[in-house]
Amino acid sequence: MVYLTKEEERMLNGEYGPATQEAMRILVKIAEAYDAKRMVQAKSAHVAAGLFLEEIEWYERLLQGGAKFRCFTTRHPWGIDYDHFEEVGTLYGNTPEIKQLGEMIFSYSLKMGAIPMGTCIQYLLGDFLMPRDAFSWTGSAGVVFANSVLGARGNMDGAVTNYCVAITGRIPEYGMLLDENRRGQVLVDCSKIDFDKFTDADWGALAWHVGKVAGDQIPVFLGLPKRMTLEQLKLLASPLHVSGAVPMFHIPGITPEAPSLEAATGGDRLEKIWVDVRDVKAAYDEMTTAGEDKPDIVCIGCPHLTYTEIREIAEYLEGKKVHPDVKLWVGTSYQIKVIANRAGWTEKIERAGGLLVTNICMGPGNPASARGARVIATNSPRCAYYAPGVKVLFGSTKDCLEAAISGKWRGR
Amino acid sequence: MSIILRGRGLVKGKAEGEAIVSRQPISFVGGVDPSTGVVIERGHELEGQSIRGKVLVFPYGKGTTYNPFALFAMKRRGTAPAAIINVKAEEIVLTGAILAEIPFIDRLDKSPLEVIESGDFVRVDGETGTVEVIKKKKS
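In order, the protein sequences belong to chains A and B.
Numbered by the numbering used here, the letters in the first sequence go through residues 1 to 412 in order.
Numbered by the numbering used here, the letters in the second sequence go through residues 1 to 139 in order.
Since the hints were derived computationally from the structure, they do not count as laboratory data.
Please note: incorrect hints may appear among the correct ones.
Dumping the calculated BS3-like pairs for lysine-lysine here, alpha-carbon to alpha-carbon at most 25 Å [unchecked claim]:
1) LYS14(B) / LYS75(B)
2) LYS281(A) / LYS192(A)
3) LYS62(B) / LYS212(A)
4) LYS391(A) / LYS408(A)
5) LYS62(B) / LYS391(A)
6) LYS12(B) / LYS37(A)
7) LYS138(B) / LYS88(B)
8) LYS212(A) / LYS197(A)
9) LYS6(A) / LYS37(A)
10) LYS212(A) / LYS88(B)
11) LYS88(B) / LYS37(A)
12) LYS75(B) / LYS62(B)
13) LYS110(B) / LYS138(B)
14) LYS212(A) / LYS391(A)
15) LYS294(A) / LYS321(A)
Sample of chain A residues with no beta-carbon within 10 Å of chain B, all distances over it, derived [claimed, not checked]:
16) THR5
17) GLU9
18) GLN21
19) ARG38
20) GLN64
21) GLU87
22) GLY93
23) ASN94
24) SER191
25) GLY223
26) LYS226
27) LEU261
28) THR265
29) ARG269
30) ARG278
31) GLY344
According to the in silico footprint, chain A covers these stretches of chain B (three or more CB under 8 Å from chain A) [what the hints assert, rightly or not]:
32) 53–66
33) 94–104
Built from N, CA and C at the ideal position, the CB exists for glycine as well.
All chains should be modelled from the sequences, with the hints used to inform the complete structure.
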């Protein structure tokens with residue numbers, strides 16, 4: 001049985017109202033299923049909603065039962081780009097009724113106390129985690145990043161669990177919250193790769209391959225560049241739980257709990273997998289499903305883009321024009337767009353004919369197919385895998401932007 | 001003849017029905033049509049078969065964090081399985097079963113993937129964690 005503090009007992013007994021009671025009951029069940037010994041304080045929750053209309057019943061019940069988020073909670077994108085709703089829309093349409101419905105579903109998490117960030121890179125925008133902080137986040141790319149780069153501790157929790165954690169402020173202690181489950185389990189040696197020539201898409205393709213070979217094991221990367229950028233780490237984290245079921249990785253010298261290889265492995269001798277450029281190329285081939293070379297849309301922004309990435313795109317597009325047969329969507333969070341507006345990047349992108357879209361997920365739920373796109377060009381394995389109803393051209397941001405301008409794909 | 005299996009009941013409730021067994025993990029989002037209960041994942045061993053109203057036996061869940069809501073939506077649309085038996089519970093299918101109030105059992109004393117075959121008649125008691133299997137007649 002899981003040990004509960006007096007306050008947790010009170011939650012379970014209904015003293016904080018029916019919503020807290022239901023949430024604590026679910027968490028106790030999870031604790032029981034995983035033989036967790038206790039609950040720990042949650043530092044952060046990240047919630048999503050809106051794939052099924054039936055969800056509304058649950059949110060209504062929680063709200064009526066007094067649900068108020070007890071820990072810092074941020075909201076995943078809810079799919080409404082307030083600056084371009086008609087042009088971008090949702091996967092389910094771009095009518096005012098659909099927008100209203102989306103707003104209504106969004107409003108539940110807002111009423112419960114979520115910070116309406118509308119992004120998957122909440123860790124860059126004030127959802128601040130430090131080593132050992134426990135979290136429950138929707139979006140596997142963020143979970144892998146927070147476990148591996150920030151040293152925070154979270155499982156691949158489902159959407160229901162994210163709400164239960166937010167409402168109670170507690171997380172059952174099991175899995176990635178425990179030291180013994182966080183050690184590296186397989187070595188991934190990349191020292192044959194020349195990273196000087198690596199593009200953003202190469203990082204994603206490498207991670208795609210590693211996810212496949214690592215399965216559900218925790219990889220320890222060897223032979224990566226000594227210094228890595230935020231963007232490279234983000235791209236490395238994003239596909240690992242799409243092609244595989246990898247909850248975190250170690251990079252000795254970068255991952256907080258792995259100052260050395262020995263710390264990453266706990267001193268165990270591990271199997272070593274070599275990865276080279278042929279594996280990276282094979283991942284490109286696997287993701288490229290389109291036979292034609294004319295994309296209808298270029299989607300860059302899965303995960304959402306950082307200041308640096310947007311600035312590079314804006315500078316590339318300055319003085320150029322997007323081909324009339326191609327749409328260009330560059331995706332980020334609204335906070336970053338405010339800065340992009342001030343810096344003049346938004347204007348450069350939009351004057352060229354692209355859109356800087358916000359609050360949109362370009363992976364599952366990508367609305368491109370609903371706007372008529374059949375062939376999508378992207379630099380993101382996650383977008384390539386999840387974007388519904390489209391064929392994919394996979395290449396670097398530069399390949400994608402060149403195709404947006406010329407109308408023709410010249411990537412690998 | 002009937003076989004009794006004992007395991008861990010994680011979601012209470014009694015249910016019975018025809019078994020449908022998958023050796024592969026199942027994703028309810030994208031893997032099953034929520035309006036019909038038919039498995040639609042390409043290449044899945046249950047592709048084209050309905051899980052509606054059946055006792056669904058599979059090793060464990062896979063796929064997106066949205067799976068709990070898919071099970072909940074299926075329950076409301078009348079397309080959900082009557083009960084779920086997993087080899088080993090994981091949090092995503094478990095929370096879906098809790099929300100949808102679908103009896104759910106795991107950690108049986110014998111592997112349900114070996115004892116239970118599609119077409120067997122199965123009674124599940126989520127309170128006691130007991131599963132009664134009545135083997136279909138061999139034709």
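Exclusion check [GLY223(A) not at the chain B interface, CB over 10 Å]: holds (31 Å)
Holds or violated: LYS75(B) to LYS62(B), with C-alpha atoms at most 25 Å apart: Status holds; Cα separation ~19 Å.
Minimum Cβ-Cβ distance from GLY344(A) to chain B exceeds 10 Å: Consistent with the label, GLY344(A) stays out of reach of chain B, its closest Cβ about 37 Å off (over 10 Å).
Status of the stated non-contact between GLU87(A) and chain B (beta carbon gap over 10 Å): GLU87(A) is indeed farther than 10 Å from all Cβ atoms of chain B, at 26 Å.
Non-interface label on LEU261(A), tested against every C-beta of chain B at 10 Å: holds (30 Å)
Whether chain A covers the region 94–104 of chain B (at least 3 residues having a Cβ closer than 8 Å to its Cβ atoms): Holds: 5 residues of the region 94–104 of chain B have a Cβ under 8 Å from chain A.
Proposed proximity, LYS197(A) with LYS212(A) (alpha carbon, max 25 Å): Holds: LYS212(A) and LYS197(A) sit about 23 Å apart, inside 25 Å.
25 Å limit on alpha-carbon distance, applied to hinted pair LYS6(A) and LYS37(A): holds (15 Å)
25 Å limit on alpha-carbon distance, applied to hinted pair LYS12(B) and LYS37(A): holds (22 Å)
Check of the region 53–66 of chain B against chain A for coverage (Cβ-Cβ below 8 Å, three residues minimum): holds (count 4)
Pair hint outcome, LYS212(A) versus LYS88(B) [Cα-Cα no greater than 25 Å]: holds (22 Å)
Given hint LYS408(A) paired with LYS391(A) - CA-CA distance at most 25 Å: holds (15 Å)
In summary, the one numbered hint that this structure violates is 7.
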